[in-house]
Amino acid sequence: MSGILFHKYGGEDLDSYYPIRPECQADVPKVRFKARAGKTLSARRWHAAFSEDGHLDIAKVLRRIQRGGIHPSIKGLVWEFLLGCYDPNSTFEERNQIRQQRRQQYAAWKTECQNIVPIIGSGKFITAAIVTDDGQSLQDSNRDSLDQGWHVDGAISDKKVLQWMLGLHQIGLDVVRTDRSLVFYESETNQAKLWDVLAIYSWVDNDIGYVQGMNDICSPMIVLLENEADAFWCFEHTMRRLRENFRTNTGMIGVQSQLSTLSQIIRTIDPKLHQHLEDLDGGEYLFAFRMLMVLFRREFSFVDALYLWEVRRNLFFTYLSFSENLVLLC
Amino acid sequence: MAAYRADEDYDYLYKVVLIGDSGVGKSNLLSRFTRNEFSLESKSTIGVEFATRSIRVEDKIVKAQIWDTAGQERYRAITSAYYRGAVGALLVYDVTRHVTFENVERWLKELRGHTDSNIVIMLVGNKADLRHLCAVSTEDAKAFAERENTFFMETSALESMNVENAFTEVLTQIYHVVSRKALDIGGDPAALPKGQTINVGGKDDVSAVKKVGCCNA
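Going line by line, the protein sequences match chains A and B. Our numbering applies: residue 1 is where the first sequence begins, and numbers increase by one. Our numbering applies: residue 331 is where the second sequence begins, and numbers increase by one.
Derived from the structure by calculation, the hints contain no laboratory data. Among the hints, a few may not be true.
[What the hints assert, rightly or not] Incomplete in silico selection of chain B near chain A, CB under 8 Å:
# : residue
1 : S352
2 : I385
3 : V387
4 : R404
[To be verified] Below, in silico cross-link-like pairs of lysine-lysine (DSBU-like), each with a Cα-Cα straight-line distance of 30 Å or less:
# : chain 1 : residue 1 : chain 2 : residue 2
5 : B       : K472      : A       : K110
6 : A       : K159      : B       : K439
7 : A       : K60       : A       : K110
8 : A       : K160      : B       : K373
9 : A       : K34       : B       : K439
Cβ coordinates follow ideal geometry from the N, Cα and C atoms, glycine included.
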């Protein structure tokens, strides 16, 4: 595989990996990232970084990624390590076992969800509410629902189940608006895959549930990892670091604590800029809300955002240093 | 996000908020009004986004600073920052999804609970181009608007129908409220110092209406 990819390496047209719909070309940011021979982590170098039984020389790989990102042909494989799904010191055999266990776990959760809402895993999804706030099924008001393969029996009394079901149409409304410029999401099957993963995540992490923006975080995993369960686990590991951003309390969304950190940093290093921002929106730094919530996905092209994440993960940074990095970016 | 140009020449700056359920077309109304753009591939709004546009109202330049937000219930957590200092609101529902009209009452209650009583509100039935899918009758919406004492318009961000009218009407009404208030206290609105008429979201947290006096409210 690596041989075929390699002979045309350098200045390669990466758009072919994540093709954009022709009619959307004008609407998407220009791609700046280019794979560079000798800098970008290539398939060949990636495979060479494993010992015979599968130990990965992660330090070597990280150095390479920091210099030039990861070649699209191996992004999914590398991301599983960067996100912490697998220990670089484990063997091929150990990882295979973990992978199988995780796939089974995902399948079990999916079955749980399917038993409540059968459209899960059907290749279709919903964009309209299926229950009322007080748990009454809405199927009667929508005759099509029966044909579409979901139906919910009786009133829902379990609070956890109800909370989860109330969020499902919101996921659908967002899925149809996620990275629609990519050819990949022209396929309803791929959209449904994104919906399934988000629906199941919000079932498993019912404390946080689904919050708008998670779709932007999850979408690349669906694109990069072919197996749905593997994509789920990448997303789940990403959310381990990000989930507090999405926690909502009265008067506050988690990410705002980062905004206040950012505000403190700017106030210290550039008081004049801080004053200006204070004059504009009262110093709440809401303008940076989206940047931090979905990690600059909206500020850059798909490919460039992935590159930024790779470099970012490479630094293993914490929340505070993320804000510091933001300052560097500005 | 539109760049903020502090040196732009304007007489009044009004903060206007867009509210309504997820997917009703708030962001496309905003992009249609401020940039004359519409996108079928538009993305969900995360947190808060802003855009501005200046228009002429009578002989004054009025600059609208329009705030757009995520429709999901969970995002109501940032409500207070969002509504602070707003003098106008477009409460949007989707004419093809009745549930979004049913929720208008909830939005209105929240809006009134967080803003000055003189705020100018317009109920907006968007996606009016999808006539064959219409699930909310114009009469119902009009009756609701009359009962709640708000303005009302049906719009289509896609066909650019009534979008300009809706925003212009809200801004004009705000201007009139401010002028009337100014006259009530014996001042000429034109004589009010530029840039001090209202403080949008600043520390003072005062809406235009409040600032010029609420004694006659």
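Q: Compare the structure with the hints numbered earlier in the document and write down the numbers of the violated ones, lowest to highest.
A: Hints 2, 3, 5, 7 and 9 are the ones this structure does not satisfy, whereas the remaining hints hold.
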